[in-house]
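Colleague: Sequence:
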Amino acid sequence: MQVSPMSILACLGKDAESIRDMFLTRLQAKSEDIQLKVGILELLSVCVDFQPGLIEIFLNVQTQHGDSSRTDVNKPEVKHGRNSCLPVLLKLMEQSCQYNVYCPPELLAACMELVHALWAGLRETPMAVLRQSGTFWPSVLQPLKMDVPAVEEGDQVSLQAAKLHSKICAFCMRIIALEIFAVAETFLNASFKSNLQATFTGERLMYWSKTVRAKVERAGLSRVPESESPSHEQSLWDHPPLNLLLAWKNFLITVSKFKVQEVQITDRNKADILYNLLEGIRAQFKAGHLSELKVKLASISSALYFTLLKIWGRELWDRQLSEYAASPRTLSPPAATLRNLTQTLIESMGGETLIPSVLIGLLGSTSLILQQCGQKIDTLPSLLRDLLPVLCSAFLRSSWALPALLDSMDKNKDGIADQGSAPLAAEFGVQVKLQITCCCLMVEILHNSQDLNSALKVLQEQGILSSILATTEAFFKSRQGISYVYSSLLLLTKIAESEMGASALVTSNLTSHLCLVLTACYTREDSFQPRNLLAKAFSTSRPATVSWHTLYCLSLDLFAVCLQTLGHAFLEDALNLVGVHQDRLQQSLEMARVSLNHYALSEAEATCSFLMQLCRFQREWNFHLPQVMAKLMTSLMAMVQMYVALLIRPRYLLHLLEHTRAGDSNNDSKLLLQLPAHLQHQTSLDDVDQPTHSLVDAQLSILKLVVKALLCLKHFTPVLPEILLDQSVDVSEWEPVLQLTFGTPSLDGDVTTLSFGTLLNCVTACIRLLTKSDSKALSPHRASPDPKQAHVPK
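Going by this note's numbering, the sequence shown opens with residue 8, and the numbers climb by one from there.
These are calculated hints, taken from the structure and not from any lab test.
Mixed in with the good hints, there may be bad ones.
Unchecked claim - Distance condition first, Cα-Cα at most 27 angstroms in a straight line; then the derived DSS-like pairs of lysine-lysine: (1) LYS152 / LYS200; (2) LYS317 / LYS303; (3) LYS711 / LYS721; (4) LYS638 / LYS715; (5) LYS383 / LYS293; (6) LYS152 / LYS21; (7) LYS317 / LYS383; (8) LYS217 / LYS266; (9) LYS200 / LYS98; (10) LYS418 / LYS440; (11) LYS317 / LYS217; (12) LYS638 / LYS711; (13) LYS317 / LYS200; (14) LYS638 / LYS721; (15) LYS152 / LYS98.
To be verified - The calculated label-pair distances, taken between Cβ atoms and stated as ranges, are: (16) ASP325 / HIS296: 25 to 33 angstroms; (17) GLN378 / LYS266: 17 to 25 angstroms; (18) ASP325 / PHE265: 32 to 40 angstroms; (19) GLU160 / PRO335: 42 to 50 angstroms; (20) ASP694 / GLU322: 34 to 42 angstroms; (21) GLN350 / GLY381: 16 to 24 angstroms; (22) PRO111 / GLU434: 24 to 32 angstroms; (23) ARG225 / GLN204: 24 to 32 angstroms; (24) GLN268 / GLU131: 45 to 53 angstroms; (25) MET29 / PHE265: 40 to 48 angstroms; (26) THR386 / VAL164: 25 to 33 angstroms; (27) GLU434 / VAL108: 26 to 34 angstroms; (28) VAL587 / LEU777: 34 to 42 angstroms; (29) SER490 / ASP694: 37 to 45 angstroms.
The beta carbon of each residue, even a glycine, is placed where N, CA and C say it ideally should be.
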């Protein structure tokens, strides 16, 4: 619906106040037609959002400063004017007038709608006036103390009464949620807290949980057209079951998240609420065609289930598992919940159409239970055996829709976006979210599976690995679905940790799918070749979003894990990767040597992790790609040389982090080498008295890289005990790695070799850092350390 920006107040001109007085007179008249009163209140509700000038005339709230004798003299006092709609509203919805001739349900619903509009619009001034009234909160909460009228079959009067009461109670729940959200718990109105506590005493909370479930189940099981699709006079969101469910969702989430003490939700209540939501979801798939209403009901219930499980889960499961351990039953509550979720997944996937929004909540909830309980769940192996085929089916059915959606997205990206591009993007997004949720759940299943080979066999038989690799390759090529690629790479890395899983990946042609497409991560953009190499290096904040650079690093980790697991069986694939990406591998080591940027160091760390595994086969590597090995090892030694020189000069490193600006140079890749000569050749090895967090982070990252680089170089030297004890070892097979010099490593960029002096200085720097770490430990006679000071952990 499009709303005209025209101001009604401007159109009314000087007649605005007289028209307001006439409307208020009609509202106060006891003999006035109810429908006219309802229409006036509905007009005011709309004006809250779209006619701010006109609603201010009706509210007529005045601000007065308290007299000087009061302590809160600076705090203004808010009162309504003589001609204000607020006292009329309070009188209409007064507790004693509700549901009788003075305020029938239609009029009460309009009153609650206006109150809700004020709270949703955060109209603080009229809200403060209403809170001051002693009758306001009892009037708002009174409908929640009354039961929903029973509906008799074929009786339209009882049906209309139930609909109106549900609508009123939905507004009440929303107002409660908005009040809790807008006001801190310590500042909640005393009348509000006392009435809220009185409303939800005993089993009243569970009454509403059961009522919402009954409404949702009736909408799902009914085949009557009225229930299937709303009439033309009301939108889908105004349908009674959906409206009540949305209000119940807002109420439960707000009360649970803000931990309102006045609404006590016991563990038993939490379990029953979750069970009722699950039953409501299952009811939508049991009868008739899946209408839009049923899809909405199931989707919102699924999302609410996941959200509540996220808020309540860990503490709820811990207490229930403790009770189960004290008095064992047939099945523990987490195990029973996991079984119910699996059954709900099976039923929700029974039709021809897959509803991603429903499955995302259910699969996410299953993943949460596995994360929070894990091996504590009894009969976990059998539960996972039942769950995994269902998960594979959901993943495959969802992946079938991706190629067509991906092609359409590519066409829209290359051409001009039309009106259908927004729904297409939304459908593509929800399908990708479902794929991500499936991947995350697979990781949890593999992590908690006691028989990993059986789980991997199921994945291979179902064709999951081939589907993941093909989809990931397509996303890499189109440069879309970055979150899905990230989750899929994490799953593939988890699979590659076992020999059977890594072999399955090789059988599924891992290298042919990913090796070449990885070039798209660094050939189409330079965003991860940082322009600000030092200005933002080691800041306290780290990039929260996933980039294509992150995916490239993660892919290197995947190949490193495969090589570590399979050894020679994966060596040919690893050499193919090095051959394709040799320039980028060398560039990452060179970039890390001259840059302290987070992106450069993270890529260098991923490169070193991969080379560390490849160097185990240095003879085969040297036979197939001798030139590539030579240039990579040269860059690796140059990086170690530079990093050791920085480690032994902490003051110089701190100076780089604090004072060097990337904009001083036109060539960012040469930043460290373009510093003034008197700084490069400074010889001060003094330590920093109070190291900053950025300096400690830099030292820690540098140490990680130095360790991995030295582990790489270790494979190019013979084992010392072996050459000492075995005289038959031919030492001439090994080329010297270190030069026989003992000088202090310099910061000259031209030095690309290592010496014994470099290693000795590296050991000295590590010992100094260890000494500082030990000195930071507290003793009974020492004061607490300064939280601003930092040190490299042991």
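Colleague: Are the hints correct? Go through all of them and say.
Modeller: Evaluated hints:
In summary, the hint linking LYS152 to LYS200 is supported, as the alpha carbons are separated by about 15 angstroms, within the 27 angstroms threshold. Between LYS317 and LYS303 the alpha-carbon distance is near 21 angstroms, which keeps this suggested pair within the 27 angstroms criterion. This hinted pair checks out: LYS711 and LYS721 have alpha carbons roughly 15 angstroms apart, not beyond 27 angstroms. Annotation: proposed proximity of LYS638 to LYS715 holds, straight-line Cα distance about 17 angstroms (limit 27 angstroms).
Pair hint LYS383 plus LYS293 does not hold up; C-alpha atoms about 33 angstroms apart against a cutoff of 27 angstroms. Between LYS152 and LYS21 the CA atoms are separated by roughly 45 angstroms; this puts the pair beyond 27 angstroms, and the hint is violated. About 18 angstroms separates the Cα atoms of LYS317 and LYS383, which keeps this hinted pair within 27 angstroms; it holds. Restraint check for LYS217 and LYS266: satisfied, since their Cα atoms lie roughly 22 angstroms apart, inside the 27 angstroms limit.
A threshold of 27 angstroms between alpha carbons decides the hint, and for LYS200 with LYS98 the separation of about 22 angstroms falls inside it, so the pair holds. A C-alpha spacing of about 21 angstroms is found between LYS418 and LYS440, which places the hinted pair at or below 27 angstroms, so the restraint holds. Our distance criterion of 27 angstroms between C-alpha atoms is met by LYS317 and LYS217, whose separation comes to about 22 angstroms. With a CA separation close to 22 angstroms, the supplied pair LYS638 and LYS711 stays within the 27 angstroms bound.
A C-alpha spacing of about 26 angstroms is found between LYS317 and LYS200, which places the hinted pair at or below 27 angstroms, so the restraint holds. In summary, the hint linking LYS638 to LYS721 is supported, as the alpha carbons are separated by about 17 angstroms, within the 27 angstroms threshold. For the hint pairing LYS152 with LYS98, the CA-to-CA distance comes to about 20 angstroms; that is within 27 angstroms, so the pair holds. For ASP325 and HIS296, the hinted distance range of 25 to 33 angstroms is not satisfied, since their beta carbons lie about 42 angstroms from each other.
Between GLN378 and LYS266 the CB atoms are about 22 angstroms apart, so this pair conforms to the stated range of 17 to 25 angstroms. Distance hint check: the CB atoms of ASP325 and PHE265 are about 21 angstroms apart, inconsistent with the given range 32 to 40 angstroms. For the pair GLU160 and PRO335, the supplied restraint of 42 to 50 angstroms holds, since their beta-carbon distance comes to about 45 angstroms. Separated by about 46 angstroms at the C-beta atoms, ASP694 and GLU322 break the suggested range of 34 to 42 angstroms.
For the pair GLN350 and GLY381, the supplied restraint of 16 to 24 angstroms holds, since their beta-carbon distance comes to about 21 angstroms. At roughly 44 angstroms, the beta carbons of PRO111 and GLU434 sit outside the given window of 24 to 32 angstroms. Range check, ARG225 to GLN204: Cβ separation about 31 angstroms, and the 24 to 32 angstroms hint holds. Checked against the hint of 45 to 53 angstroms, the C-beta distance between GLN268 and GLU131 comes to roughly 24 angstroms, which is inconsistent with it.
Taking the beta carbon of each, MET29 and PHE265 are about 42 angstroms apart, inside 40 to 48 angstroms as hinted. For the hinted restraint 25 to 33 angstroms between THR386 and VAL164, the CB-CB distance of approximately 51 angstroms leaves it violated. Checked against the hint of 26 to 34 angstroms, the pair GLU434 and VAL108 fails, with Cβ atoms roughly 51 angstroms apart. A beta carbon spacing of about 41 angstroms between VAL587 and LEU777 agrees with the range 34 to 42 angstroms that was offered as a hint.
The given range of 37 to 45 angstroms is respected by SER490 and ASP694, whose C-beta atoms sit roughly 43 angstroms from each other.
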